[in-house]
Amino acid sequence: MTNHADSPGAAAAPVLDIRDFTIELVTGKMVSPIVDGASFQVHEGRTLGIVGESGCGKSMLSLGIMKLIPTPPAKIAEGQVLLDGSDLVPLSDKQMEQVRGNRISMIFQEPMTSLNPVYTVGYQIGEALRAHSSLSSAAARQKAIELLRKVGIPNPEKRVDEYPHSLSGGMRQRVMIAIALACEPRVLIADEPTTALDVTIQAQILDLMRSLKTESGTAIMLISHDLGVIAEMADDVIVMYAGRIIEQAPVHSLFAAPSHPYTQGLLASIPAVEGEQHRLQPVPGTVPPPHDRPKGCAFHPRCSFSDEKCRAERPPLEEKLAGHRVACWHAGPGASA
Amino acid sequence: MTAQNETPLLEVRNLTKHFNVGGGGLFRRDTQTVKALDDVSFTVGKGKTFAIVGESGCGKSTLGRSLLRLEQPTGGQVHLDGTDVTTASAATLRAMRRKMQIVFQDPFSSLHPKMTAGQLVAEPMLLHRIATRKDVRERVARLFELVGLAPYQMDRYPHQFSGGQRQRIAIARALAVDPSLIVCDEPVSALDVSIQAQIINLLTDLQEKLGVSYVFISHDLGVVRYISHEIAVMYLGKIIEQGPKDELFSSPKHPYTKALLSAVPRPDPTYRSRRIVLKGDLPNPLDPPPGCSFSSRCAHVRATCREVEPQLDAVSPQHRAACHFWREM
Amino acid sequence: MTSPISSETAAGFPGRHLLVSLGRDPVSCIALATLSALFLGAVLAHWIAPYDPLAIDMMKVLKAPSLEHLFGTDGQGRDIFSRSLYGLRVTILLGFSAIFVGGTVGTVIGLVAGFYPKADTILMRLMDVILSFPAILFGLAIAAIIGSGTTAVIIALSVSTTPLVARIARGAALMALAHDYVSSGRAIGLNDWALLWRYVLPNCISTIVVFLTLRLGQAILLGASLSFLGLGTQPPAPELGTMAAQGIGFFFFAPHVTLIPSFVIFFLVLSMNILGDSLRDILDPRLRS
Numbered sequence: 001m002t003n004h005a006d007s008p009g010a011a012a013a014p015v016l017d018i019r020d021f022t023i024e025l026v027t028g029k030m031v032s033p034i035v036d037g038a039s040f041q042v043h044e045g046r047t048l049g050i051v052g053e054s055g056c057g058k059s060m061l062s063l064g065i066m067k068l069i070p071t072p073p074a075k076i077a078e079g080q081v082l083l084d085g086s087d088l089v090p091l092s093d094k095q096m097e098q099v100r101g102n103r104i105s106m107i108f109q110e111p112m113t114s115l116n117p118v119y120t121v122g123y124q125i126g127e128a129l130r131a132h133s134s135l136s137s138a139a140a141r142q143k144a145i146e147l148l149r150k151v152g153i154p155n156p157e158k159r160v161d162e163y164p165h166s167l168s169g170g171m172r173q174r175v176m177i178a179i180a181l182a183c184e185p186r187v188l189i190a191d192e193p194t195t196a197l198d199v200t201i202q203a204q205i206l207d208l209m210r211s212l213k214t215e216s217g218t219a220i221m222l223i224s225h226d227l228g229v230i231a232e233m234a235d236d237v238i239v240m241y242a243g244r245i246i247e248q249a250p251v252h253s254l255f256a257a258p259s260h261p262y263t264q265g266l267l268a269s270i271p272a273v274e275g276e277q278h279r280l281q282p283v284p285g286t287v288p289p290p291h292d293r294p295k296g297c298a299f300h301p302r303c304s305f306s307d308e309k310c311r312a313e314r315p316p317l318e319e320k321l322a323g324h325r326v327a328c329w330h331a332g333p334g335a336s337a
Numbered sequence: 001m002t003a004q005n006e007t008p009l010l011e012v013r014n015l016t017k018h019f020n021v022g023g024g025g026l027f028r029r030d031t032q033t034v035k036a037l038d039d040v041s042f043t044v045g046k047g048k049t050f051a052i053v054g055e056s057g058c059g060k061s062t063l064g065r066s067l068l069r070l071e072q073p074t075g076g077q078v079h080l081d082g083t084d085v086t087t088a089s090a091a092t093l094r095a096m097r098r099k100m101q102i103v104f105q106d107p108f109s110s111l112h113p114k115m116t117a118g119q120l121v122a123e124p125m126l127l128h129r130i131a132t133r134k135d136v137r138e139r140v141a142r143l144f145e146l147v148g149l150a151p152y153q154m155d156r157y158p159h160q161f162s163g164g165q166r167q168r169i170a171i172a173r174a175l176a177v178d179p180s181l182i183v184c185d186e187p188v189s190a191l192d193v194s195i196q197a198q199i200i201n202l203l204t205d206l207q208e209k210l211g212v213s214y215v216f217i218s219h220d221l222g223v224v225r226y227i228s229h230e231i232a233v234m235y236l237g238k239i240i241e242q243g244p245k246d247e248l249f250s251s252p253k254h255p256y257t258k259a260l261l262s263a264v265p266r267p268d269p270t271y272r273s274r275r276i277v278l279k280g281d282l283p284n285p286l287d288p289p290p291g292c293s294f295s296s297r298c299a300h301v302r303a304t305c306r307e308v309e310p311q312l313d314a315v316s317p318q319h320r321a322a323c324h325f326w327r328e329m
Numbered sequence: 001m002t003s004p005i006s007s008e009t010a011a012g013f014p015g016r017h018l019l020v021s022l023g024r025d026p027v028s029c030i031a032l033a034t035l036s037a038l039f040l041g042a043v044l045a046h047w048i049a050p051y052d053p054l055a056i057d058m059m060k061v062l063k064a065p066s067l068e069h070l071f072g073t074d075g076q077g078r079d080i081f082s083r084s085l086y087g088l089r090v091t092i093l094l095g096f097s098a099i100f101v102g103g104t105v106g107t108v109i110g111l112v113a114g115f116y117p118k119a120d121t122i123l124m125r126l127m128d129v130i131l132s133f134p135a136i137l138f139g140l141a142i143a144a145i146i147g148s149g150t151t152a153v154i155i156a157l158s159v160s161t162t163p164l165v166a167r168i169a170r171g172a173a174l175m176a177l178a179h180d181y182v183s184s185g186r187a188i189g190l191n192d193w194a195l196l197w198r199y200v201l202p203n204c205i206s207t208i209v210v211f212l213t214l215r216l217g218q219a220i221l222l223g224a225s226l227s228f229l230g231l232g233t234q235p236p237a238p239e240l241g242t243m244a245a246q247g248i249g250f251f252f253f254a255p256h257v258t259l260i261p262s263f264v265i266f267f268l269v270l271s272m273n274i275l276g277d278s279l280r281d282i283l284d285p286r287l288r289s
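Chains as they are written, first to last, in our numbering: chain A, 1 to 337; chain B, 1 to 329; chain C, 1 to 289.
For the record, the hints were derived by calculation from the structure and aren't laboratory data. Cβ coordinates follow ideal geometry from the N, Cα and C atoms, glycine included. It is possible that part of the hints are untrue.
[What the hints assert, rightly or not] No farther apart than 20 Å at their CA atoms in a straight line, the calculated lysine to any residue pairs in the SDA-like style are these:
1. Lys279/B with Ala272/A
2. Lys118/C with Leu206/B
3. Lys245/B with Ala272/A
4. Lys99/B with Lys245/B
5. Lys118/C with Lys134/B
6. Lys114/B with Trp197/C
7. Lys114/B with Lys118/C
8. Lys150/A with Gly280/B
9. Lys114/B with Leu201/C
[As the list claims (entries may be wrong)] Just a sample of chain A residues kept apart from chain B, beta carbon distances all over 10 Å, derived:
10. Ala12
11. Leu91
12. Tyr123
13. Ala131
14. Gln142
15. Gln202
16. Thr286
17. Arg314
18. Leu317
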């Protein structure tokens, strides 16, 4: 991918259009929003990075889009998930089965447990293919070999008949990607796809995802806690905190001019491998649990800029610079943050 | 290496640990040997941090546990303040636990779930008779403050704390015996980035205040850069490069160190595509490649590399690399 | 390498919630009530029993249940209600002693096997050997050596319970040992004994207790079976299994002599199993979300 972050494809219709998406967690009589009014778009051939710490709601958001959240206790309270213009939220379980793995696919963090240990790799890819098409098993096997080659698995004719336990973590994640891409989905949701992998293997997988995206034009939603991975992969970035989007911008704009104090705090917390080395400036405190979110701006107890207004009123997500939206009373041109 | 004038606090000489695998069951046959640690030597000075970096399976955690003899090494010596840990009697070893402690990676597994935070920190002090039943609460309270916990939280159980706070409890427990060395085995890799930074700062502050030495084990080069004085990079049970932090980061000599450094994703979108991407996976540790163990993935590999195992060679007085061709790197 | 950890875990030891959780399930409530009634009857047998359990009255042989004799009388005119109360005592005692002895020995063996890999193979193979003999066979062998009686039954039940507990305890110990807190205990200088007693055992105990409550019902049933076969408590002393055996001869014209003690055993074991199951649901960490 080269840098063309300035063309968000405004003319083309988005592949995935999320509007006011809210997921609530119901425990007893308590109702707490774990994803709160998220709105964003994912475009063809582009990668949207979603970043945040544990408990920020990023994984719930991706599971919610797939309608894979455990209901109860969680439920989609409101909002729309428009895939090529049609809403997924009202679809039945049966209808969703036709969408999942076909038009939207997902890869997860743990390649060790995502594959079924009792079936061969080829069988599992073939299963994904046959679920959404009328391929013969011989044709599916042939396609599986092709897919394995495409995701960079050496000697695919042999590997196709192997069981997951004989593959390394990196190889398994490649197989997961092959399964996810089997039906040429419109959107690929990757939830921490490299978190469990070593850094040299992570680099291989990120490279692979990038070249596949360029080839196929699949829109990617990449969820990660690692700002480094996001910087490397994403075209646009969303930063989440306590269930809400607090900053949304093209990747160059976000890293050049992070505007929300939380985003700035996250960046200042990263121990960098190069550049000047000064004491880390961590965000003090911890993320509040969903049932105990402070009033006003959820970040105010940890923020050094917070004042009366932050404690009383929740800041809306507003465009402060071109294409750069921030939910902070103090951000924007001329503001103190 | 670090302190040539004074005797080092910790001196590790030719430490080796072999695991036998396979051939289980009643009829044990054809067991194979994994060299989890292969001839590892280094020294750590007083008040210094020695970092050990490597990817999973490189033997770094085995090294940490062997230093404290939580695993019995197969060969070599570990001298702490002049006493050999590897051959110490059970009683000597228990007494030596006062001088060296360990903090583990996963704070959800490393604290006894049925003891309160206060009991966890008090236990080593009572065991080694550093405190009496009477003054132990006061001492625990002081340690709590030292690591950034509130003393009123003493009577809570570990599950009532967050990950970062639990790691603070683990640090307080390690500090309770006033050790001269703490082995930190990936202490921040299970934590979120902002919490991770808090713990890194805490560890550096404690070192400044107490003069404690760390052996800091991590897979994260960024973290290591912020905490260590000297760094060793491990690959398949061996140290392949070792040197002072600044030198190692500014002019790495081993191709693996270079690849490792360049693979770290930078929080900077302009950095893209300047990376060296290594081919292939870690070799099977049961069947490492002949010659240089990195030869199967190295971009600069030559015939010699596949035949002759390179030894750690002095690049500068304090910087050593195990590569035949480090001069050309 | 691992993912960031979510900020909170499930609640800790649910001791306080035990009764509350039990109270929510009506079946468990009935089981608890039945069991309490049976225990109370056994404990207070001396005061509740309307007749002497050993008093023979040849004028009232094999009477059907009536107001005078609630459960009727047996072949020697003894009051079955009174005998059931006293018999319950013996039966419960058999079960509990076996569980106590087998549970303790099994736990020790299991923990040691889990903690010391060198002892593991020998101890667990020994347990496998014991496990391969049926408990009834043990009863026969032990009765042959020391003679029939309550002691023989307790020994047989304990021996057959031990390997089962040892397996459970070993598994639980291995799970506890996989946690770094055991290494942490070793790192501060605790000896093996302290590690086993203070670090491993407390984290295995709930698994073992749950297993024992489930095993208690089986042990009682086995004890009654051994007595029924004539290996256990010797007549005239009342024991539910023995009582059931004595009624067999009159089964076709006075079935109550056999059926009533059998039903008492049935309700005792059933309610214990139900309670054991709910206890497992509440205590077993793997079933807790």
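Exercise for the section: Enumerate the violated hints, using their earlier numbering and listing them in ascending order. Expected result: 1, 2, 4, 5, 7, 15, 16
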